[in-house]
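Dock chain V against chain F, hints included.
Here the protein sequences come in this chain order: F and V.
Using the working numbering, the final residue of the first sequence is 267, and nothing's skipped along the way.
Using the working numbering, the final residue of the second sequence is 265, and nothing's skipped along the way.
Incorrect hints may have been included.
To be verified - Pairwise CB distance ranges, derived in the manner of DEER restraints: (1) V:Trp104 / F:Leu257: 24 to 34 Å; (2) V:Trp136 / F:Pro199: 14 to 24 Å; (3) F:Trp201 / V:Gln237: 38 to 48 Å; (4) F:Gln21 / V:Asp138: 31 to 41 Å; (5) V:Ser18 / F:Ala14: 28 to 38 Å; (6) F:Ser264 / V:Ser17: 40 to 50 Å; (7) F:Val51 / V:Leu118: 28 to 38 Å; (8) F:Asp96 / V:Asp138: 28 to 38 Å; (9) F:Ala2 / V:Leu118: 34 to 44 Å; (10) V:Ser17 / F:Asp96: 50 to 60 Å.
Simulated from the structure, these hints should not be mistaken for laboratory data.
Fair warning: this is a prediction, and the values are worked out from it, not measured in the lab.
All C-beta atoms in this analysis are idealised placements derived from N, C-alpha and C, irrespective of residue type, glycine included.
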Amino acid sequence: MADGLRVYRLMVAAKIRSAWQYRTSFVMFLFAQATITSLEFVTILLLFDVVPDLGGWDRREVALLYGLATLPFAASDLIISPVERLSVHVRAGTFDRFLLRPASSLLQICAMEFELRRIGKLLPAVAVLWWAMAGVDVDWTPSSVGLLVLALTSGTVIYSALWIATASLSFWIVATQEATNAVTYGGQFANEYPLHLYPGWIRAVLGWIVPLAFVAYVPAVALLDAPNPLALPDDLVYASIPVAAATLVVSLRLWSLGIRHYQSTGS
Amino acid sequence: MSRLWWEIARRSFRRASSYRLATASGVFVNTVFGYLRASILIFVATAAGGSIRGQSATDLATFAFVSQGFIMTIGAFGDHELAERIRTGDVVIDLYRPADLQLWWAATWFGRSGFLALARGIPPVVLGALAFDLEWPDPLWHWLPFLASVVLATTVGFALRFCSNLLTFWLLDNRGVEQLLTVLISFFSGLVLPITLFPSWLERIARALPFASMIQLPTELYLGRYDGMEIVSVLAQQAGWAVALLLVGRAVLRAATARVVIQGG
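Pulled out of the complex, with its shape left as it was, chain F reads as follows (with noise of 0.2 Å):
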């Protein structure tokens, strides 16, 4: 484990020396990244121009929930989202490059495709929720800064997660990719907003299918006194923890069930 820690920090590094050869496309991604995440903010923030809250929630109460969803996204995106790659090598064939390394393959996956660039996704997550945290009506005593670590930490396992389930996937079918971005990329969008917003068949997806509500919507209502419509219990946050350790360990599984299943391409 500490063999496999030492390699995946030397590839990573290695990957951040190549970034830095394209000095003006790198600059320029970080900033297209750190942009596209805050311009999901300023639609939000658009959308009380319109209307004086959100079903309910005002503009920092709503930012909380943007924070709560969208840091442990960024986290998640910086470490996990590069086993998005897997199709692609699957396609090519260069995965049984993996297998042939004494590390994990899921640990070089992940530091081959690392890209630092996404690091832009998480000024913009960690400013809104400052801003958040700042003006919301919340008593932040250890008790609530707690709440708010377990959030942003059962998050980021959950995304992971899924990220790793997407990815495995391609184990079985490749060219799906664009198909698990409507679970990730689409699941993070549907958490900027109060879950409430949503018609019950999809909040009934995002709650039990793939348990995105226990990223940001059910910490945010355990946080805030903000109206609970559907009136879920404070206490659910605390389910957080072990619904974010069952997805972990199903992608994992599935992970493994995918390498067993693999039979690289033959021609």
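Okay, now just chain V, sitting in the frame of chain F:
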């Protein structure tokens, strides 16, 4: 000569159509985003008393799905093929050919867009209509200006991406530029939010930019926001941007070919 462009476009159409599963999976993601955006817009319109600035919840839901259908057709998220050929030096082969480089890529672009309009443009709207109350162009002849508008939107999309791809001659890696262009298109075309929901000063800016010609204007034609001479003026505005950007592309191409250095050896 026109026979050549037709053949290139036809092959590009065929190439795009050979990835069936990828197409289906793309339709799925566009539809999911359509469902989410439509739900949010319907909620907001209902909260605002049924309509926002003259647009009903149905208008806005329709906008959400139609705009999702535009993403691939107009190439909103870009295309790296030419940039890749410039980076590897293969573009030299393209420049050798006794055919115009811009027209060559335009033919490729339109062939692919033709397929994408059918396979990625229509299904999200149809699937959206299964779950939401949507509108269709009415009266029926409104389809005609809408289709003309789609072609012009695709041309604007091509002209912009042709320029950004050519920047590879100077930058070697143009992905940063491509991403920035994607950001501008996403925001100012109406894709993330109809620009009619922007504050009026921002809406004026958005309408003065070429990006509105890519999604906002054709979708407004679809929704029947314009009539009579207004339709002509919308199409003229799109055509103006298309021509202007194509000419910029030609100028950039001339400057780029003047400095071609064949890499490799």
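Range first: 40 to 50 Å. Now tell me if the beta carbons of Ser264 (chain F) and Ser17 (chain V) are that far apart.
Distance hint for Ser264 (chain F), Ser17 (chain V) is violated at roughly 28 Å.
Does the Cβ-Cβ separation between Trp201 (chain F) and Gln237 (chain V) fall within 38 to 48 Å?
holds, 40 Å
Per the hint of 31 to 41 Å, is the separation of the Cβ atoms of Gln21 (chain F) and Asp138 (chain V) within bounds?
violated, 55 Å
Can you let me know if the beta-carbon spacing of Ala2 (chain F) and Leu118 (chain V) is within 34 to 44 Å?
Violated: the Cβ-Cβ distance is about 54 Å, outside 34 to 44 Å.
Do Ser18 (chain V) and Ala14 (chain F) keep their Cβ atoms within the hinted range of 28 to 38 Å?
About 36 Å separates the Cβ atoms of Ser18 (chain V) and Ala14 (chain F), which means 28 to 38 Å holds.
A range of 50 to 60 Å was offered for this pair. Does it hold for the Cβ distance of Ser17 (chain V) and Asp96 (chain F)?
For Asp96 (chain F) against Ser17 (chain V), whose Cβ atoms are near 31 Å apart, the range 50 to 60 Å is violated.
Pairwise beta carbon distance, Asp96 (chain F) to Asp138 (chain V), judged against the given window 28 to 38 Å:
violated, 57 Å
Pairwise beta carbon distance, Trp104 (chain V) to Leu257 (chain F), judged against the given window 24 to 34 Å
violated, 46 Å
Could you see if the CB distance from Val51 (chain F) to Leu118 (chain V) stays within 28 to 38 Å?
holds, 37 Å
Within 14 to 24 Å: is that where the Cβ-Cβ distance between Trp136 (chain V) and Pro199 (chain F) falls?
holds, 22 Å
Checked against the numbered hints given earlier, this structure breaks hints 1, 4, 6, 8, 9 and 10; the rest are met.
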